[in-house]
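Participant: Taken in sequence, the protein lines are chains E and R.
By numbering that gives the first Met the number 0, the letter at position 43 of the first sequence is numbered 42, and the numbering carries on one by one without gaps.
By numbering that gives the first Met the number 0, the letter at position 374 of the second sequence is numbered 373, and the numbering carries on one by one without gaps.
It should be emphasised that the hints constitute simulated quantities derived from the structure, not laboratory data.
Keep in mind that a hint or two might mislead.
Stated by the list, open to error - With the Cβ distance kept under 10 Å, some of the chain R side facing chain E (calculated, not the full set):
id, residue
1, P45
2, I49
3, Q65
A virtual CB, placed ideally from N, CA and C, is assigned to each residue, including glycine.
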Amino acid sequence: MFTDFFKARKAPHPLIRQNNRYFREFSAESPLGEYDFIVFDTELTGFSKKKDEIIAIGAVRISNLQISGAETFYALVKPENNSHTPSTLVHRLTPQELMQADDLKVVLPHFIEFCGMAFLAGHYVRLDFEFINRAAKKILGGVLQTPYLDTMRLAMAFNEYKHGHYYDHYNVRSSYNLAALSKEFNLPEFVEHNAMDDALQTAYLFLFLVKKMRRYGVRTMADFLKAGRNWKIIL
Amino acid sequence: MASDEDSYSPPLTVIVKFLQSALPFNSLDSRALYRLARLCRIDFFPQGTIVFQQGISTVDYLYLIQQGGVKSYLKDADDEISLNDYRGRGEYFGALPIIQNTRANLNVETVEDTFCFLISKDDFLQLLARHREFSQYFLRTMSAKMVKNVYAEFRQHKISTKTESGLYLFSATIGKIAKGRLFTIPAGTAVREAAVIMSEKRIGSLLVTDNDGKIIGIVTDRDIRSKVVARGLVYQTDVAEIMTAPVQTISSQAVCFDAILQMMKKRVHHLAVEQGGEIVRMITTHDIMVTQGTSPLYLFREIGAQRRVSGLYDLSAKIYQVVRSLIEEGAKANNITRMIAVLNDHILEKMLSLLLEEYGAAPLPFCWLLMGSEGRREQTFKTDQDNAILYADSDDEVKNLRAAEFFRSFGEAVIGHLVKCGYPLCPGDIMASNPKWRQPLAVWKGYFRAWCRTPTPESVLNSTIFFDFKAEFGAVELAAELRSEVLGYSKREDLFLMHMARNCLASRPPLSFFKNFVVEKDGRHKDTFDLKRKGMVFFVDFARLLSLKYGVDETNTMARLQVLGQGGYIPESLGMELVEAYEFLMQVRLVHQLHQMDGGHEPDNYIKPGDLSDLERQTLKEAFAVISRLQEFIKQEFHLAEL
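The shape of chain R in the complex, shown without the other chains (with noise of 0.2 Å):
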């Protein structure tokens, strides 16, 4: 009868109103909450209780503070105490213990008669292991050394239990799923007999050793059929010299998540595992496959085995199904956007050797720049296009002609298919068919000179797309020039510096003085404030202007201000401050976009703080704080008085 779903049962009601309005309970869905509610026991503890000591209480529950407080402290050895925390309603005590799987790790002592919800800490790592955000909840609010831990008791948790696909591809280490066993063969084993090997073996590749048995090289079937047959070599031919070199490895500790990433950015789909500086498996694309059921290396695979510009245009519409998937298995908006980056990146590549099949080869060397945040790879959905072209300077006439007019067909002809495949046009022209961003090396380097040297606002404005180039295709080398000569004058550039510094501290998060959020009073965004251009771009324009100051050799944001923070050009705190903060505003705006997405909107940047949970609420603030001391980081390092 008790048991009964609707049963009238205030217990219940009460529990799940008061976990609807803590943190971070309230993430949950009010079935969960329910089902949670119904596990919960509460309990009293009279003022002066001593619920937990140190080093010693078993922690069996997650206390939930209903009423009354807790103070929480340290006793040393010799029996010295430091207050640590004072804790009251809405709060909770006992996480960190159960998580670590340790006894109490502080004094617990009630200040006041108080009351508790109790939660048994089985129930309680199975909400952790079931819901993302609150998950994630604990992860953040705890020390990068607990987090490793929190990550260790997943992965057991998960092992035993068996429940959803959870957070597999970022906790499966590569020693675990690689199940391909090494085979080696010399360098001078002709081509024909390692086929037999490999068809023998059932397996796709071996590895090829020198006289000393050091590995040098991989041959895999793909090597045999595209340069073997395909070049009409004869099957005499030593492995050595169609083997790729060297072999790309990963570490046995790496994540699964990893191996993938460099299998679609170094273009394999075989990476050899090394273990302590050995080499002692082999992982393919295939063995991950069949551990991941949505793995990205699908749409990877899928991508690469087009044979038409057009078989393309569908395939950037699948990019959101799989980073839905990343999404849901608990991936960091850091790893999304990279994968974003990535696959952008591989369909952009294959319609480029596409277009250059039917186009026949350039008349020079260029390579395609990609700029703004395809260049800091951090594209969410449906990015604007942001591109342009750079080739090799040539004192022949003739060719320099014959290369302008080649790059302006195949430029527009590239823009045309982009925007099929659902990237929008760049509003304000910066692409590649636009003559003036189709330029040989020497043009490229006097725009930059000539941005840094007269500080207009134009320039200052270019500065925040163009600067933050990469080059992903074609010769690459040109743009790596270009890079290391903008960043051998950038640091002396007082004026232009000045200038971006300045510009870093026109404008305030959107926070009022009393730390709510500033939204938009009317028109079509009424209510909501741009995550973008309110928040986000603080801290990419912070990371450039500091990057361009220090010649940091980096374009994306999170990698700029890891080298920032640990070469000391900024104090490491506020780095790994604005680090967290920014791969916030990132997380918001990714599952913003996906939200919209899914209602069949266009996405786009505007966040309602209405929507937002508590939790997120508060966070987002605490993002947004760390704005003013990146602001105040400005003013110091530059000398700026306040404007």
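With the rest of the complex left out, here is chain E (with noise of 0.2 Å):
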């Protein structure tokens, strides 16, 4: 603690206090649908972490395992590294549109706020985590702690549950993207495929498992952290 203290440059951003407050001691042990989550997914310039770039962070929140029409979260960011060419975006967003965006610095706290104390949620939510938490080292002096679960993961623990333990996840891993997931569980289905949208298919999809898991006995918050974080993801 206290080395970790002298070590910081300077104090961690008031948000980041308070989550990592928050998150330090929580109970896990009530049922899912009493904790809030964020659903989110961004879009990045490429998957290196050492020199991509979030440009995009798109959420909608959950309550009561209910979609909340009203509270969703887009902005688009402008990128730091100017030398990202169109070709290397792989969304379709034109530079033009990004470079009226605001910076990560204005962005990244209204983030967090709209979060709140909220869980997080995402389709292999682990990257856009980590991009999310080195952009909030930078900038806020800290990271996140928040909880997440993984709705790539759950779909694959879905399965196992579903066909029983000799489910071979290896053999048709390439469906776990989100729009084979979504037709394979036949999810209402959203076109357009921005950070926004692909929120939303994922929140309809975190519903679809999470309420589908309850038959096999996973209920409680600390069952589906469990239950997410038996799969180790190859990338």
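Hints in hand, dock the two standalone chains.
Facilitator: Here is the structure:
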């Protein structure tokens, strides 16, 4: 503790401190419906943690295991490194759009405020979470310690409950992307694929999975955290 | 940030898009839809989830199915299950318990994995209170008993939230708005004394009692002005001599609109409010106008106040404004057409009495006959004139000649003034300016007999106009005599009835085999259909035909249908369907014409299906489907084979 404190060049931003304080100790024993979630998705210039950046964040709040139509977050982010040519952008955002957007310095605190004390969820969320935290460290002097649930891992767990322990995930791994799962589970589908739509699509997947998994005795936050952790994802 | 109106939010877009394609949400404008989407929550129910348990679950949301499906079923005391319904994408559940404020009335279970949009109970009730078309959809889909509860709910809601004037005219009961305390005086009281009491108490009327304290009449400030002052009676005259008897009464349970209609019909400004067989209070035009800003009573008073015929010219145009506000307040078509009829009558009556002052008394008693839609009390805006003069028979040849001359100039004058008031001439020349339609009773009787005895295409056509005659001014007993004679023999005129029945089957409703609307292919009315001639006329002709067959003494189509249904002449269920369908068609026409007049166009009956909402189109198709059942009934009733 003390060494951590002295190592920090400056005190973390109050938002970060509040987050860390809250999630240092929480009870995971309540049914999942008693927790709020922010299901989010980011758009990145690429997958390299070294040189790539966040260019959009989309998120939607889930409370009482229902999606709230009004509580959404969507922001474009102006990349620091202007050398990202249009061809390196995987999404349909034009450089002009991005140049008009706010810096991550501005967007990130808004996003963290939007998240409040909710838990996080996303599809292969570890990647998004790492990009968020890398920025948080740089901008706010600390990282979020919010626990998260990954819909990709939950989907794997669900399929195993459903099909038994011999279910071979590795053979069907390519079908664990968001669009494929949405099709497989017959969810309402969103045609656009920006951060906001994907966040909403993920939220539908999330609701589907957590409610479907109840019948296998997966009920509390602790159950779900455990169910999601059993799967090692190879990228 | 997320609350910015223009921020990008697919949940809202998705919900709005979905609502736009779902009944009855598609009747809401896009602002209302976005507001609603913002309030929506999205929930998921795996297959086999019991969402509602009959009698147990409290219903906090209206559930709109985005994807998936549910079944609803009832369980009786023996646990017997009866399936009620399946609902799928775009359909909803939970509306009824919310509106009735009860627990779930059914069990609802998902039969597939189901995603729903949830609208909270309060938000849904507010929608009902705010959006008339929206709430009418729910009213229409529920039975009469449920509708009663809906109105009760509205009323509660109104009182607690106090939003727009809403359904006030149709929800506020007389018992609630009647302010006038009751003052009685014995019949022997002198007029002077009555006037003193009225000015002391600052009231406009006193009820007059007999020796036993029973109420026998009413004396108003107007009686004192017009009868005592104008006739030069002494102030010691007993009030019994100038009172109006009997007193017009209205139930304290009646709604405001009924009171207005009754006051206008009876030309009175005071009604005694009756409760449990006793008169408890008075209600006056003033009470209503105070509570109801845009009351039709203003126009009613303005018409009554005119002293010159030319003063009436501009007033008929105001009927449109009054009707507009009534529609905005949620009036049903039947109430509106009745209101239009009463206002038109009032203008006509004022005009006729002013002209009689000018022309002097008529040589023979007469009444002014209204024909066609006017006679049926189904006018909308700018209905063509259809009228005639019926006067008493006389043996006095000189008198007859004088009468013919008097009614010629009188009839022509009235028609001219009516045109200036904005009532167009009848293209078929069925008007009191045509000598053929200004006749003594005996001649009229001869006309009707001839039409019945020798049915020609022309006489069948005539029947559609003349057999709906109604007298609202003058010696109405002449019209009553004519009516009772016609009804006396019409039921036996089989050949005539058969021709009329054939006429009812001669055309088909404008629906194709695939239940699409059949519209005009070209010309000025391309892509439209004539709602009156291709739709409403079936109901009107049907009601007339059976009324003539069974001697029903009504001219109004809805009233005819009701009498026929209640009297067992037609199956009650068919009667109800006909009434509902016909009223809906009237409503569509009124709203259509109102839109046209808002846009500065002449109102007509040409409806473009493309301009209607999904909801209206669907209901219209249902209304047209009733026409086939009506025709089927005629075929059986008159033993007519397929034509």
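Participant: Please name the hints from earlier in the document that this structure breaks, with their numbers sorted from lowest to highest.
Facilitator: Of the numbered hints given earlier, the structure breaks just one, which is hint 2.
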